[in-house]
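Here is what each chain is made of, one letter per residue.
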Amino acid sequence: MTYLVPMPVIMPLLAAALTLLLGRRPRLQRAVSVAVLGAVLAVAAALLVLTSRHGPLVVEVGGWAAPLGIVLVADRLAALMLVVSATVTLAVLVYSIGQGMADGEEEAPLSVYHPTYLILSAGVANAFLAGDLFNLYVGFEILLVASYVLLTLGGTETRVLLGTTYVVVSLLSSLVFLTGLGLVYAATGTLNLAQLAGRLDALPEDIRLILQAVLLLAFGIKAAVFPLSAWLPDSYPTAPAPVTAVFAGLLTKVGVYAIIRAETLLFPGGPIAGPLLVLALLTMLVGILGAVAQSRIKRLLSFTLVSHIGFMLFGIGLAGPPGLAAAIFYAVHHIVIQTTLFLAAGLVERRGGTTDMDRLGGLARISPLLGVVFLVPALNLAGIPPFSGFLGKVGLLQAGVADGSPLAWTLVAGGLVTSLLTLYAVARVWDRVFWRAPHAEMPGPDDTVHTVRARAGREPYPDSADHAGAMLPRLMVGPTVALTVVSVALTAVAGPLFELSGAAAADLLERVPYVRAVFPEGAP
Amino acid sequence: MTTNLVYVITVGVLIAAGVTMLLERSLTRVLMGVILFGNGVNLLILSGGRLGAPPIAGTDTGEPLADPLPQAMILTAIVITLGVSAFLLAMAYRSWQLVGHDEVRDDVEDRRIAGLAARDQGLDTGDGDVPAGRTGDDRDQDGHDGPEAP
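Respectively, the protein sequence lines represent chains A and B. Our numbering puts the first residue of the first sequence at 1, with every later residue one more than the last. Our numbering puts the first residue of the second sequence at 1, with every later residue one more than the last.
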């Protein structure tokens, strides 16, 4: 069954080429993208079942044996992340198709949207499956280059100018990663993760520390860990709503995934766990304090995104099975929740004409469904029982209490404060956008997207003759509702999911299953 | 593994120059910085293999061989840097087309705070009663000016 392993990378790449050729036939293009991402989801689910039954699956790409050739490895963690990322990318794709169809398809950037989006998903899958540090770098580059294009889609002034920050910061992180690669190779003579696991152990402690610090620096920028997070709230909100949603849900989590791999497979233990915990605390608190001060929904959500990266880092920093399991669970939960919230924010922007909370109001009365798809994930994010956010946080706090060191207790307290402030931040959004009386400038029931845009002093959509300009098209609401349902369902399957993330964490900490899957006769 | 001093110094100078250029405001200079930094890192990777020897097996002259893997990695890295440089150039050009320069803008939050300070000192720049923080280009920070597609 190992032929399934490279599929999540190959299928979107081929489909990207195909959709590029089909640029002039949007209907076919959409069908291909949806079908392929659906297939990726199916493959990812199959991989999850297979890996949890038979252990990690390994493919030697190009037929060369492991240390010389490149391997793709699907273990429990990678398969789990693949399933979640495929779910999210598929939902967001449908949402963006809905948005595109409702607004008319005439705009030029649309023909590159599908290929770029597919390449992004291929890059994410490649990063998850990489069994080789250099291949991880290539995966990162694929997804980053695709994300540059998506972020500056259309080449409008705001996107180009604010996108610059993102591009330059990402480039810097890639260069740091590349430096780390060069140093790791010079020190060990290999980049194969399974082989590195053994060879890095043999290095002197100081050299190991330097290598670890360089790699964590690179991954920390991608994961938006404080103090390397300032780029995120500036650049994410400018992109189109679906793009922001998929970036927020996935891209930082790829960084978190890389940190998990580095901390378990390459550098287990070691003196860096303490500093990681401090950074986790700062990320949580600084992020959420930023969110509290915002008056725009998307920017506020970007700050909560940064803040909750801290929770995952908390679990990783505890470096034990319970902490790591909770971190993996939290990552799964957070990908779904954050994407849903950004999709809901996109709907709010569409319905209300703005994301500025000062100019919104009464949306719960205007569109109760919109209220529900915002409120449920928002409460989930804040960690209200019985949602998965609560369960994830309980897992993390338990792990922290079990650890028992003063630093862990500080983090437990910090986590509680962050949850409270998150609740405050999202409650403020709820209160001002949905609950209070409608704002004077709010669109009424008879308005269309065109009149809303005209009132906001913006150009109406190019051609309104052949589409209704519906305020909340079904294809946009549908995926948002679906993801909300998934996020609620995470509570229902929390038991099995915790078992799965526990098993994944145990595999990661033991390291043997991964290494043995790549080198059945022991690492050379 | 040994390497030679001139080589190490070259790597250091390239990376230092690259970082300096990266800190500039103009995107074109940033691009130069990325290229210098990238080349420095490529040389660093190269020094991970044996320097100065041919990477081709089978010549059988009795000389030591260089490790071909770092060279393969550098080729990949060069291709990636090329693509990214093209993208940055396009961005700089687009920025120049739109606003007449290619300078990286201040942080959104910085501009908001600067706006608030200016208002406090009565230095509002003619925007009248529009509250600071929602003036000028800041209004568009959520991407409102462009087509919302896709």
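The hints are simulated quantities; they were obtained by calculation from the structure and are not laboratory data. Misleading hints may appear alongside valid ones.
Said to hold, decoys possible - From chain A, some residues computed to sit far from chain B (all C-beta separations above 12 Å): (1) Met1; (2) Val138; (3) Leu161; (4) Gly163; (5) Ile366; (6) Val417; (7) Trp430; (8) Ala440; (9) Arg474.
As the list claims (entries may be wrong) - Some, not all, of what chain B presents toward chain A, calculated at C-beta under 8 Å: (10) Val8; (11) Ala17; (12) Leu22; (13) Ile45; (14) Thr76; (15) Ala114.
Every residue gets a Cβ at the ideal spot worked out from N, C-alpha and C, and that includes glycine.
Hint check results:
no. : hint   : in the structure
1   : Met1   : holds, 29 Å
2   : Val138 : violated, 7 Å
3   : Leu161 : violated, 5 Å
4   : Gly163 : violated, 7 Å
5   : Ile366 : holds, 19 Å
6   : Val417 : holds, 22 Å
7   : Trp430 : holds, 19 Å
8   : Ala440 : holds, 16 Å
9   : Arg474 : holds, 17 Å
10  : Val8   : violated, 11 Å
11  : Ala17  : violated, 13 Å
12  : Leu22  : holds, 7 Å
13  : Ile45  : holds, 4 Å
14  : Thr76  : holds, 7 Å
15  : Ala114 : violated, 15 Å
Hints 2, 3, 4, 10, 11 and 15, counting from the list given before, are not met by this structure.
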